[in-house]
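Protein chains in written order, with my numbering: chain U, 23 to 663; chain V, 23 to 663; chain D, 23 to 663.
What the hints contain is simulated information worked out from the structure, not anything from laboratory work.
Bear in mind the structure is a predicted one, so any value in this text is a computation, not a measurement.
Don't take each hint at face value.
Listed below are the simulated PhoX-like cross-link pairs for lysine-lysine, each with C-alpha atoms no more than 20 Å apart in a straight line [said to hold, decoys possible]: (1) D/K447 <-> D/K572; (2) U/K447 <-> U/K565; (3) V/K258 <-> V/K447; (4) D/K258 <-> D/K447; (5) V/K447 <-> V/K565; (6) D/K325 <-> D/K565; (7) D/K630 <-> V/K630; (8) U/K630 <-> D/K630; (9) V/K630 <-> U/K630.
Here are a few chain V residues that sit away from chain U, every Cβ distance over 12 Å (derived from the structure) [unchecked claim]: (10) D49; (11) S125; (12) P368; (13) D431; (14) E466.
So these bits of chain V aren't anywhere near chain D, every CB distance computed over 12 Å [said to hold, decoys possible]: (15) S86; (16) R123; (17) L138; (18) A227; (19) R434; (20) T514; (21) E549.
C-beta: ideal position from N, C-alpha, C; glycine also.
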Amino acid sequence: MTADNAGDSGGGSAPDSEGDSRPIVYDLAPNCTSEDVEAGANYHAVVNGVVEYGIFVDVSDEVSGLVHESNLDRSYEVGDRLTVTLEEVKENGDIAFDVFRESTYQTVVVDHEPDLTPIAGLEAGDSVHVEGQVAQIKQTGGPTLFRIADETGIVSAAAFREAGVRAFPAVELDDVVRVGGDVESHDGSVQIEVDSLTRLDGDAAAETRERLDAAFEDRATPADADPLVEWPAFEKLRDDLRDVARLLRRTVLEGRPIRVRHHADGDGMCASVPVQLALENFIESVHDDADASRHLIKRLPSKAPFYEMEDVTRDLNFALEGRARHGQRLPLLLMLDNGSTEEDVPAYENLAHYDMPIAVVDHHHPDPEAVEDLLDAHVNPYLYDEDYRITTGMMCVELARMIDPDLTDELRHVPAVAGLADRSKADAMEEFISLAEAEGYDRERLLDVGEALDYAAHWLRYNDGQSLVNDVLNVGCDDEERHEELVEFLATRAERDVEQQMDAAASHLEHRRLESGAHLYTADLDEWAHRFTYPAPGKTTGKLHDRKVKEHGEPVITIGYGPDFAVLRSDGVRLDIPRMVEELNEEVGGGGVSGGGHLVVGSIKFVKGMREEVIDSLVEKMADAELDEDLSSQAVVDTEI
Amino acid sequence: MTADNAGDSGGGSAPDSEGDSRPIVYDLAPNCTSEDVEAGANYHAVVNGVVEYGIFVDVSDEVSGLVHESNLDRSYEVGDRLTVTLEEVKENGDIAFDVFRESTYQTVVVDHEPDLTPIAGLEAGDSVHVEGQVAQIKQTGGPTLFRIADETGIVSAAAFREAGVRAFPAVELDDVVRVGGDVESHDGSVQIEVDSLTRLDGDAAAETRERLDAAFEDRATPADADPLVEWPAFEKLRDDLRDVARLLRRTVLEGRPIRVRHHADGDGMCASVPVQLALENFIESVHDDADASRHLIKRLPSKAPFYEMEDVTRDLNFALEGRARHGQRLPLLLMLDNGSTEEDVPAYENLAHYDMPIAVVDHHHPDPEAVEDLLDAHVNPYLYDEDYRITTGMMCVELARMIDPDLTDELRHVPAVAGLADRSKADAMEEFISLAEAEGYDRERLLDVGEALDYAAHWLRYNDGQSLVNDVLNVGCDDEERHEELVEFLATRAERDVEQQMDAAASHLEHRRLESGAHLYTADLDEWAHRFTYPAPGKTTGKLHDRKVKEHGEPVITIGYGPDFAVLRSDGVRLDIPRMVEELNEEVGGGGVSGGGHLVVGSIKFVKGMREEVIDSLVEKMADAELDEDLSSQAVVDTEI
Amino acid sequence: MTADNAGDSGGGSAPDSEGDSRPIVYDLAPNCTSEDVEAGANYHAVVNGVVEYGIFVDVSDEVSGLVHESNLDRSYEVGDRLTVTLEEVKENGDIAFDVFRESTYQTVVVDHEPDLTPIAGLEAGDSVHVEGQVAQIKQTGGPTLFRIADETGIVSAAAFREAGVRAFPAVELDDVVRVGGDVESHDGSVQIEVDSLTRLDGDAAAETRERLDAAFEDRATPADADPLVEWPAFEKLRDDLRDVARLLRRTVLEGRPIRVRHHADGDGMCASVPVQLALENFIESVHDDADASRHLIKRLPSKAPFYEMEDVTRDLNFALEGRARHGQRLPLLLMLDNGSTEEDVPAYENLAHYDMPIAVVDHHHPDPEAVEDLLDAHVNPYLYDEDYRITTGMMCVELARMIDPDLTDELRHVPAVAGLADRSKADAMEEFISLAEAEGYDRERLLDVGEALDYAAHWLRYNDGQSLVNDVLNVGCDDEERHEELVEFLATRAERDVEQQMDAAASHLEHRRLESGAHLYTADLDEWAHRFTYPAPGKTTGKLHDRKVKEHGEPVITIGYGPDFAVLRSDGVRLDIPRMVEELNEEVGGGGVSGGGHLVVGSIKFVKGMREEVIDSLVEKMADAELDEDLSSQAVVDTEI
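Next up, chain U with everything else stripped away, as it sits in the complex (with noise of 0.2 Å):
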């Protein structure tokens, strides 16, 4: 304790000094060490011995020293209460005090400042103090379980009141606590058994707040890692992405969970499956819990490619019973390839009053100003007027890394997967196929990687089906052989599932030729393909597509619709769907028309009776719509249907 700080709340309770010119005479807590005292300063103290030379005084249990008599001016007994100045500790340890003479000045209680011991180094059997932020408040059937986050690490420390009864009830999520007790080894881990645990408030919290933010901020920065392969578009968005990997190894750090929502395609889950693994990773080496990263982090895989209601309203009520059940603070939401649109802004406006951060990296169309504001990052080609190309999946390894570098191994094929998978036309494109090749995949085996990861996502609908799909994508899979058979049999399934498809429905194309010279090919799904099962309308009209610009070249357009719904997918051609749907909702009363996706690629939605209209006048859109051999469309499946 020194002078300047005798006043913080986390060292002494000072009176409102401010304007009070009183000396001040500190009254130490019995615990005071020589460490909280220091020369000059004034002290209350009591007469421990009388000698013929002056008398021991006591100014704790743990701090006494001599008057000399040349400085009494009346005799003392023991027991006898006075104020001293400590004059010095002498460099044997003794300390030498004067009496304290004045009449009027003000009492300063001063607690023993404890020596903290930082988390990380917390070994059973000690009697520390820790100080940190509650990270989480789990009431127990017997104790309150507090997590408490500091610079080096997250633990638990058990405080007990009645058994089911919350300890400490004045502490909140958030807080800064300090804690002390014994450690113990608890199921293995260590875990503080609570003594004391006090909130710290005014300027002890703010400095402490202040340390932690400086050591999480510290800890918080992503690893340098050179990036897989050099590509100038790529390096436009790397600083975004580096404020998300800081985002999230932050989250961590605090100890806050985190929910990642993807889009369950190929890109998606090339996408989110690393990022799941190095926070993984990363939460265990700041937890000492095993099961931290299952408590921490959760994967789950979208049908759409924007955030749906059902999605939404299953997430914050999870989100709610983690906080009612264990104390959890509200998880941070991960989008990833999905997030960026319009549609996505209702769901983050409401998230937002729940102090739920949100990140995006995505690469469709984003409408930057409706959800700028609402994301604490986002990361997304468009922004830097780059395009779909930059695929989610390419982003997301670079985003691993930056998490946990220790990866890089083990995803130097997952970009290439990506981005057949998406049918990326990016630059990079070649060199990310050769740096797979470097690893042993054949250009042949990353697609059927992709086919096979839809595949898998088509049949565990909304289950992550975390360790199958990490084997067929080959990241965080320990057998190469096991994988290979993988991919072979559920890639191999597909084909014939999509054969099938294919048998049924490309007979029944109907088949134009436009005035610009297009091909426009359609077809009712409804009738000629195959129902609930895979391939989806979305992907066979991808398929049927393919088929034809393989048969004719560009230019060429392809609608498959159903009763209610319409897929559109074109090479070559130049649409603007967003503003067909518009102009559609217009043209066709009554027809609920809606939907909308990329420039070229799309699926719109429409009530059943009106879809020869829909149809019809889509039909006459795409017999004006300009060629322009440049744009071809994505991959089919970045739409729900």
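Based on these hints, arrange chains V and D on the given structure of chain U.
Leaving out everything else, chains V and D in the frame of chain U:
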């Protein structure tokens, strides 16, 4: 022990003494105390000291006394056995015996009647005996855990025979037992480590059961809470509501689980959420286990306003699993906002065989003759010549307050939400709304809360979404602002989705004017509305109907139909939908017509191929319907479509 | 230890002694006992006493002896080192050594061979060594838990290295290990706290593995139970059934999990419920952990009578999660009442790469060439020139009795239920029914049980509904009356629902008389039956067909069709549905026809738009079909529709 109850199996084991005229000599267990003896009774004794003025005899380790030499007619040595009669217990506790000289007698063995400790008073470290009813028998991998309920609480008693092997296999659920053992602290709760566990039989059991019963009945008494509003119509059903409250409280006191099934709409949630919260609070006050409420109460939404086979099957299987895996009693089934109709009878009949009590609070038109005998409690306004205008939510707010009166402040706005959600035209509505307004809810917000509940229920599907729903309804929610934002978010989204549905469907409504003057609107919702989204056909029909009523005023009938169903709404027309269904079934052969609902609102199912005939026939019937300005239909969300 | 096995890695570590002709001198570990020494062998020794008649030497802490002075040619002092030859172990245990004088030798280090304790004999408090095979390695937040299986049982061994860190990382699943440690009581079971854990390699491993293998094989021997009825046709497949029983018992003994997939119909449940119960009983007798059966066996219903991709994907992911999260071996897959057909091959091929053994008991028409090589065991009556009349339920009752013969009394009625549910016309049916009648089940009730199983399966969907199903089938159900009431409830409801479906559909059946004289009925079930309810189209077609057969007698063909499927039933007509499907596929271009089933019952899928062509073509084929009075179709519930 007294001579009177010496034969109780709880205290001693008597030979069949009927007609046995021989005097009784009690053989006391070594731990019998002075409480187990009384003047005039005879005891087996042993000499433990010989003095000048007589001999000292022990009748148990704890009970000794003097046989005065004046009563002796021979000499005794230490260790000699004899029979004695207790003459007197003196004020200082000294006991005087006489020798019992008859040679013909019957011996009755007497166990010491231990002092019983009330469960609520157990403290770790005590050695105790408790007496209660077995509420659960859970076999763990180690000991067998018995949950014992007495007049004061419920506690776990762990009995160990062999790892994973059932201890005291003769003891069953509901048995009355006496448990002896040491109280230990276990995960923060107290638990008895069982030394002895005896099933009481015969009179002892009956007596204890009677005592427990009286205590349960007493503690089960519902709280006396003044009604939120004065409402004579409501007062008629208050007594029945108290019966339900009593049954539920008693169910908790006996440790039986409760499974709540409720209609998944606004009123159903306004009914079930407060009751769930009240029961959770009550459970926590009875059990010392923080997890108890999670294990003992489960709320589940049902899409239909009756007990569907899928739900019955699952509930029954769940109940049986709970018994098989956790040794729980089968749960009480509480049906809220559904359960009063004939459709529910077969399920109830089956559950009756399963020792699953059933309580129903509903305001759908009941079949009292059909269900009454099968229910343990039934509240329905139609049973008192009232009708659906007393909504289930209104009733259940009072029910919740009878279970936990401390909830009152949280619930004042709920009847208004329920009433508006179900379009109740009850006289008390304005008072309920004023009550809510006093809490800061204006009419608009109350409607929004109802809409938000409905919307959340739609997307949560079979999930109870507890935390989310509590926030929406602002019951058990600790953050007013979050509640408001959440309601706004959900209500706005709901309105947007309704708007989209209206845009699509409204222009396709077919209108005709019936001879009666009523407007009849029909719409093919499969053709002209979005499918598989919010709002579903039932609510869509309702919204279309409301618009037309607003436009024309009454009388209006609206029929929204799909491939194999039709939804009916009417205002100002005297319909009798159940009768119509009956007639249609006769008139339209092979139509498979079924359904029903209330008089003036309902849904009808038929086979797809007969739709035209059914709808035509329905329209004819509408043409014949009389007008009646007082009749208006309740929210159509009361159908499963 | 003997000279022979001194080189075993289990006992000592020998230099490569091939071709080394130098004599061996053993260097015994301090804890070696007299069991580790033998006459004629040489040892390193140290002098511990010098007496007149010689010197005492220690060859280990436990083994000492005398070198008689007659054998000494120089003097020794205490502490001197020398090499000795063991001459003789006298009757009183005294050992006589001679000095071993050769200066050229090789030293072999010898560890003490500890006494091994059989796992079944472990008792808390003992210090033991056990030897066995690693069945599971589960990393907890604290220690690593190894499940060790030896000849007598399975036990957990907890090894702690650091919290959450894998102990003995070199040890893998299936390794043979020796574990030393203290037996402690843990949650009521015993558990070894590991001091040492060594992987056996080379000969030691081979020897132990051989010993375990012989013991597993011995304990895996199926019980000898007399068949419930004498039935020559059945006897042909008994040996194969014993192979399945042996495989399953052995799987349990080795601690591998079992995943049962069964057709979700009456026969499939009559097959799987008894086998599940038998395996649970056997697991409990092998493991000392009450939860073991919950972790080690899972039964799952499948809607289709083959292994659908959705199920494969989920099973595989579940298996991988079990390994990743619980360190379990991948499960054995047991297919009951499905799994014999070519449709299953791709899934099996994939699982083969995953070390997942597969066993199949099925009575659907098999493709033995296709599946045989992929299965570890396969029983199907067609493999012995029998047919579907031997139902899977009949086979599995015998299988269950081979696993746990004590179940016999519970299962006597099950073959009759299975046979009636699958309309088996087996010769043994009457005997099975008599057997059931002797247990109090009349024919009507047996039919009801089958109907109730089917109904419950419908509503339980993907849930195994174990407790409910056990009660319905009265296997593992402890309350006869409850079983009866439950069956009545479900069967009555099922009949009512069937009746409603018949009422709607029957009048819409189209009839024509084929030239062959057969009656052909067709019905558009999408138009004329209720959809998405019980009974589904497959069963609806069957019920319609049965009525017509009853009405006309044979021959009758019934086709129930929907938008993109048709279900076929026939009696007295020689159909070959698989061939028809092949022909249709050629004749109807772009029809996407697939499907099949048995010869005379099956289902066909096609694209909606080609329905008319497919049905017309099908009817033509029916017209050409020959009559054959012996042919009748099995329950249509054997289709997934």
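Hint by hint, here is what the structure shows:
{"no.": "1", "hint": "D/K447 <-> D/K572", "result": "holds (16 Å)"}
{"no.": "2", "hint": "U/K447 <-> U/K565", "result": "holds (18 Å)"}
{"no.": "3", "hint": "V/K258 <-> V/K447", "result": "holds (18 Å)"}
{"no.": "4", "hint": "D/K258 <-> D/K447", "result": "holds (18 Å)"}
{"no.": "5", "hint": "V/K447 <-> V/K565", "result": "holds (18 Å)"}
{"no.": "6", "hint": "D/K325 <-> D/K565", "result": "holds (19 Å)"}
{"no.": "7", "hint": "D/K630 <-> V/K630", "result": "holds (17 Å)"}
{"no.": "8", "hint": "U/K630 <-> D/K630", "result": "holds (17 Å)"}
{"no.": "9", "hint": "V/K630 <-> U/K630", "result": "holds (17 Å)"}
{"no.": "10", "hint": "D49", "result": "holds (43 Å)"}
{"no.": "11", "hint": "S125", "result": "holds (59 Å)"}
{"no.": "12", "hint": "P368", "result": "holds (32 Å)"}
{"no.": "13", "hint": "D431", "result": "holds (20 Å)"}
{"no.": "14", "hint": "E466", "result": "holds (19 Å)"}
{"no.": "15", "hint": "S86", "result": "holds (42 Å)"}
{"no.": "16", "hint": "R123", "result": "holds (55 Å)"}
{"no.": "17", "hint": "L138", "result": "holds (28 Å)"}
{"no.": "18", "hint": "A227", "result": "holds (22 Å)"}
{"no.": "19", "hint": "R434", "result": "holds (40 Å)"}
{"no.": "20", "hint": "T514", "result": "holds (33 Å)"}
{"no.": "21", "hint": "E549", "result": "holds (17 Å)"}
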